[in-house]
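Engineer: Next come the chains, spelled out residue by residue.
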Amino acid sequence: MALAVPVLLGCSVLVFLLIHFAPGDPITSLIGVYPSVDQVAIMRHQLGLDQPLPIQYLLWLGRVLHGDLGTSLLTHTSVASSILQRLPTTLLLTAMSMAWALLIGITLGIASGFRRGGFIDTVSRVLSIIGISVPPFLAGIILILIFSVQLNLFPPGGSLDQYGLLALVLPSLALGIEYAAVVLRFTRASILEVLEQGYIRTARAKGLTPRAVEYRHAFGNALLPVLTVVGLRTGTLLSGALVTENVFSLPGLGTLLTGAIGLRDYPLVLGTTLVMAFMVVAVNLAVDLAYGLIDPRIKL
Amino acid sequence: MSQSVIDEPISVSRAQVRSQRHNAWFELILRSPASMAGLLIAIAAIGIGLFANILAPHDYAAVDVTQRFLPPSLGHPFGTDEFGRDLLSRVIFGARTSLIVALSSTLVGATLGVVLGVTAGYFGRASDEAIMRLMDIMLAFPSIVLGIALATVLGPSISNLALIIGFIQIPAFARVARSSTLVVKAQEYVVAARTLGQSNAGIMIRHVVPNILGPLVVLASLTVPGAIVTEAALSFLGLGVQPPTPSWGNLVFDGTRFIYSYPLLVALPGIVLSIAVLGFNLLGDGLRDVLDPRSRR
Chain A
1 MALAVPVLLG
11 CSVLVFLLIH
21 FAPGDPITSL
31 IGVYPSVDQV
41 AIMRHQLGLD
51 QPLPIQYLLW
61 LGRVLHGDLG
71 TSLLTHTSVA
81 SSILQRLPTT
91 LLLTAMSMAW
101 ALLIGITLGI
111 ASGFRRGGFI
121 DTVSRVLSII
131 GISVPPFLAG
141 IILILIFSVQ
151 LNLFPPGGSL
161 DQYGLLALVL
171 PSLALGIEYA
181 AVVLRFTRAS
191 ILEVLEQGYI
201 RTARAKGLTP
211 RAVEYRHAFG
221 NALLPVLTVV
231 GLRTGTLLSG
241 ALVTENVFSL
251 PGLGTLLTGA
261 IGLRDYPLVL
271 GTTLVMAFMV
281 VAVNLAVDLA
291 YGLIDPRIKL
Chain B
1001 MSQSVIDEPI
1011 SVSRAQVRSQ
1021 RHNAWFELIL
1031 RSPASMAGLL
1041 IAIAAIGIGL
1051 FANILAPHDY
1061 AAVDVTQRFL
1071 PPSLGHPFGT
1081 DEFGRDLLSR
1091 VIFGARTSLI
1101 VALSSTLVGA
1111 TLGVVLGVTA
1121 GYFGRASDEA
1131 IMRLMDIMLA
1141 FPSIVLGIAL
1151 ATVLGPSISN
1161 LALIIGFIQI
1171 PAFARVARSS
1181 TLVVKAQEYV
1191 VAARTLGQSN
1201 AGIMIRHVVP
1211 NILGPLVVLA
1221 SLTVPGAIVT
1231 EAALSFLGLG
1241 VQPPTPSWGN
1251 LVFDGTRFIY
1261 SYPLLVALPG
1271 IVLSIAVLGF
1281 NLLGDGLRDV
1291 LDPRSRR
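Taken in order, these protein sequences are the chains called A and B. For the first sequence, the numbering used here assigns the number 1 to the initial residue and increments by one for each residue that follows. For the second sequence, the numbering used here assigns the number 1001 to the initial residue and increments by one for each residue that follows.
One should not assume that every hint holds.
[Stated by the list, open to error] Listed next, with one range per pair, are the computed distances between beta-carbon atoms:
1. A95(A) x S1261(B): 32 to 40 angstroms
2. G1214(B) x G198(A): 29 to 37 angstroms
3. S1073(B) x S78(A): 55 to 63 angstroms
4. G1084(B) x H20(A): 38 to 46 angstroms
5. V1153(B) x L166(A): 34 to 42 angstroms
6. L166(A) x S1261(B): 18 to 26 angstroms
Think of the hints as simulated: they come from the structure by calculation, not from any bench. All residues carry an ideal CB built from backbone N, CA and C; glycine is no exception.
Given only the sequences and the hints, what does the whole structure look like? Please build it.
Structural biologist: Structure below.
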C-alpha cells in the first residue's frame, strides 16, 4: 500500500524522461519547419523548455499535484479536460469487457470445474486456449468482419454519442474474450483445488447434496484466487483498451494517446500516460483492500 | 581431496535427476496431443521464418499494379494485396520478422531479468529492495503504454522493437529468477562452494543459474507468444516494423483498410498469427506441466 506513491512517482519520472528524449521538436510542430531563431527562443521560454530538465520535471509535477496537467501544445485546451472528456469511454469499455469476462469466465469455469472431463469442460478448454491466442485487436477485426461487414448488426466503429452503448458492444467483447479465457482457466483450477480440501470432504461426509457442497462451500472459497487474477489483469485490460479503441476508432484515452504521440504533444502524452498508470495503481490498491473484506485472515 | 568428497555425490545425483527429467520430458510432451501440436506448430513457424527466402513463391516487395487484389489461386495461394504483391510471400517473410522480434526480445528480457533477479535474490538486503522495487514500478506500468512511449523515443525498427519488448519482459524474468535463487542459494552445494572460497560471481554463474533454468524456460516459452502479440499490436499502431518490410502485425494493419472491399487481406495474416500464437501457448503449457511439478493438475 505504501508502495503506491513511489510507484506513481517512478512512473512519472519514466514518462517524463522518455517523452523528453523523443525525436522531433514540439516547436517545429507548433510554428512550422523554418521558424526564425528569435521565434524559437521566445517559444522555448514561454513553454519553459529552456529550463534544466529536473526543473522542468518538478515544475510539471507541482502543477499536476494541483490538478493542472497543462495545456495541449497544439489545441491549447486543458489536458485535464481532454482526458476527462475521453475518460468515460475508456472506463465504460474496460468495465464492460470485465463484465463479459467475469460472466463468461466464471460461468464456464464453474461448469467445467465441477464437471471435470465432461463435455462443457472439453469445450471450454478449447475455447480458452483459442481466447488466449487471439489478441484483442485481432478479435476486434474478426468481430467487425462478422457482425458489421457480414451481418450489419453493430457499427464497426464510432463514438458513444453516435451510437450509444451499441458502439461499445463489439469493442468490449473483443477486449473481454482474452480476459474471459484467463478467468475461466483460473476459476476452473481454483475450484479443482478447493474440491480437494478437507472441509469439502466433511461437507460431503455429513450428507450434504452435491449442489449444496458445490455452491455453499466450494464456490465462495474458490473465488479469492480468481479475484487476484482479476485485479492483476486489470492493468492489462486497460492497456488492451488503448489498442482496441484504435481498432474501432472509439474516442477514448487510447485514441487520445496515439494521436498525441503522433503529433509530439508532450503535455497531452504525459498527462494521459500518468492517468493510465494512476488508474492501474489504484485498481491494484483496491484489489489489495478487497482481499481484507473477503478473507478476514488477510491483514494489510 | 575434500573437494571431490563434497563434489561427487552431488554431481552424480544431479546427473541422475537430469536424466530422469529428460525421460519424463519426452514422454509427457509425446503423451499430450496438445503439447505435441504446439511443438509442431512452433517448429513449423520457426522453420518458415528461417527458410523464408526458399519457401516464399514470390518476391515479397515486388509491386505489380496489374495484379491488385487477386483472389487466391495456384500462382498466388493467398491472393495479392493492394499493390499486387503476393500475400503468401509477405506472410512468410512476416513470420521471419515477427519471430526474430519475439525470440530476440525474449532473449533480451531473460538475460537482463536473470542478471537482476539473481543479483537481487543472491545478495538480498538493499540490492534486493532496490532492484525489486524498480521491477514493481515497471510492472505497475501498463505494458502497451510503456511500449508506445519507448517506440516513440527510440524510433520504429526491428532491433528497437526487440529491445523494447525485451525491456517490458524484464520484471517477469527478474521475479522468477529471484524467487528461484532464494531457494537455490540455501542449498548445500551453494554453501559448499562458498566455503571453498568461490567468488560470488562464480557461484551465481556456475551453481545458481544452471539450477534455476527450469522455471525460466517455462516463462520464456510463455513470453514468446506474448512478444509476438505485442509486436503485432505495436506494428498495428504504426509504431512497429515499417513498410515495406512485412510483419504479421503490419500485414493485419494494412489489411484493415480494405476490410469491406477485400476482407481476405486482413483475415489470412490474422489467422496465421493466431495459429502461431496458439502453437507457442500450447507448447508453453506443455513445458510448464513437465518442468513445473507444482502446476501439474
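Engineer: If a hint holds in the structure, say so; if it does not, say that too.
Structural biologist: The hints, checked one at a time:
Between A95(A) and S1261(B), the C-beta spacing of about 35 angstroms keeps the proposed range 32 to 40 angstroms intact. Roughly 31 angstroms separates the CB atoms of G1214(B) and G198(A), a value that falls within the hinted 29 to 37 angstroms. Under the hint 55 to 63 angstroms, the C-beta atoms of S1073(B) and S78(A), about 56 angstroms apart, fit the expected range. Between G1084(B) and H20(A) the beta carbon distance is about 43 angstroms. The supplied range of 38 to 46 angstroms therefore holds.
Hint check: V1153(B) to L166(A), Cβ distance near 38 angstroms, so the stated range 34 to 42 angstroms holds. A hinted range of 18 to 26 angstroms holds for the C-beta pair L166(A) and S1261(B), which are about 24 angstroms apart.
Hint violations for this structure: none, all hints satisfied.
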